[in-house]
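> The primary structure of each chain is shown beneath.
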Amino acid sequence: MKTDFVELIRRFYEMNRQELYTYALSLTESKDAAEDVIHTVFLRLLKRGKPPRELRPYVFRCVRNAAIDELRSSSRNVNNDSLFDLDRAGRNNTMGLRLQVERLLQTLSEDERECITLKIYGSMTFKEIAAIRGVSINTAASWYRRGLQKLKTVFEKESS
Amino acid sequence: MKDLERFMDDMPLTPPTDKMELRMNDLFLEASERREGLFRRPVAFWQCAVASVLSALAGLLGGYVLSPGRTVKTETVKMIYVIHNDPSVTRNVFDTQASRPIPFLTAPTEPEVQIIELGGNSVNTSNDPV
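Same order as they appear, the protein sequences are chains P and R. Per our numbering, residue 10 is the first one in the first sequence, and the count goes up by one each step. Per our numbering, residue 17 is the first one in the second sequence, and the count goes up by one each step.
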């Protein structure tokens, strides 16, 4: 039955909403824009009427494309909304560290930052990241390792 | 490196807002209603009847259009003509060079000619007179 498709997409959304939202937020740096991007992607997916072969990489790739479109076309101000929930971070007394990590993430190249976001916060494999970005698995893995190494170096330097 | 990964992984992420959840719920609800509506739309009885009649007519017309060579088979009437065994008569009947109308041989039937002798015995028959 055709309603199974809608149900499939709804279940996919419920299982991946946090990862998708974090990815969209990391690209747009605005909560409102991230919400619009997710909404647009699922609206298009539902209009498509049939699931793609590999749903997860496909939807993340759509989020990326929609975020780029949003950044190009929108006159919305970049809010620099945080990826991290600072209210919960504050309660744990680690807010300073989290702000530091977020600031350090901004110092990485776009490829490195995106790769780290997808790997750590999207729980993606290098193969999936490579498919989303249209690069080889080795390139995706090297972006990730290089970015993480840079973070570690700066983090240690600032801590000492 | 693993410590850094673990630390970053443990960081609480900004959750989607309630507004977004409402938007997405509405989106899925609308999508499922639209899909169900396509297949479960109520149709009036008269619409079903009209559709049936139109389909039947289209079928008949389509049949005629697709097989135009179809003809009604009619029963052919076989006519038998009996003539005397007289050379002048037989020449008149069987001479294909002669150009005169012989009404009974051009009739739209399958004429058969039998020639009889004076005694009444049949000596020759033909189904293909002209």
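Note that these hints are calculated values from the structure, not bench results. The C-beta atom is built at its ideal place from N, Cα and C for all residues, glycine as well. Please note: incorrect hints may appear among the correct ones.
Straight-line distance between alpha carbons at most 25 Å, and here's what the computed DMTMM-like set of lysine to aspartate or glutamate pairs gives [said to hold, decoys possible]:
| no. | chain 1 | residue 1 | chain 2 | residue 2 |
| --- | --- | --- | --- | --- |
| 1 | R | 35 | P | 94 |
| 2 | R | 18 | P | 41 |
| 3 | P | 136 | R | 25 |
| 4 | P | 161 | R | 26 |
One-sided excerpt, in silico: chain P residues whose CB lies under 10 Å from chain R [said to hold, decoys possible]:
| no. | residue |
| --- | --- |
| 5 | 28 |
| 6 | 29 |
| 7 | 34 |
| 8 | 47 |
| 9 | 52 |
| 10 | 55 |
| 11 | 91 |
| 12 | 110 |
| 13 | 120 |
| 14 | 129 |
Simulated restraints, written as ranges between beta carbons of each label pair [claimed, not checked]:
| no. | chain 1 | residue 1 | chain 2 | residue 2 | range |
| --- | --- | --- | --- | --- | --- |
| 15 | R | 73 | P | 27 | 30 to 40 Å |
| 16 | P | 132 | R | 74 | 49 to 59 Å |
| 17 | R | 33 | P | 169 | 51 to 61 Å |
> Now tell me if each hint is right for this structure.
Each hint, compared with the structure:
| no. | hint | verdict |
| --- | --- | --- |
| 1 | R:35 <-> P:94 | holds (17 Å) |
| 2 | R:18 <-> P:41 | violated (33 Å) |
| 3 | P:136 <-> R:25 | holds (20 Å) |
| 4 | P:161 <-> R:26 | holds (16 Å) |
| 5 | 28 | holds (9 Å) |
| 6 | 29 | holds (9 Å) |
| 7 | 34 | holds (6 Å) |
| 8 | 47 | holds (7 Å) |
| 9 | 52 | holds (6 Å) |
| 10 | 55 | holds (4 Å) |
| 11 | 91 | holds (6 Å) |
| 12 | 110 | holds (6 Å) |
| 13 | 120 | violated (17 Å) |
| 14 | 129 | holds (5 Å) |
| 15 | R:73 <-> P:27: 30 to 40 Å | violated (59 Å) |
| 16 | P:132 <-> R:74: 49 to 59 Å | holds (56 Å) |
| 17 | R:33 <-> P:169: 51 to 61 Å | violated (39 Å) |
Violation of the numbered hints given earlier is confined to hints 2, 13, 15 and 17; the remaining hints are satisfied by the structure.
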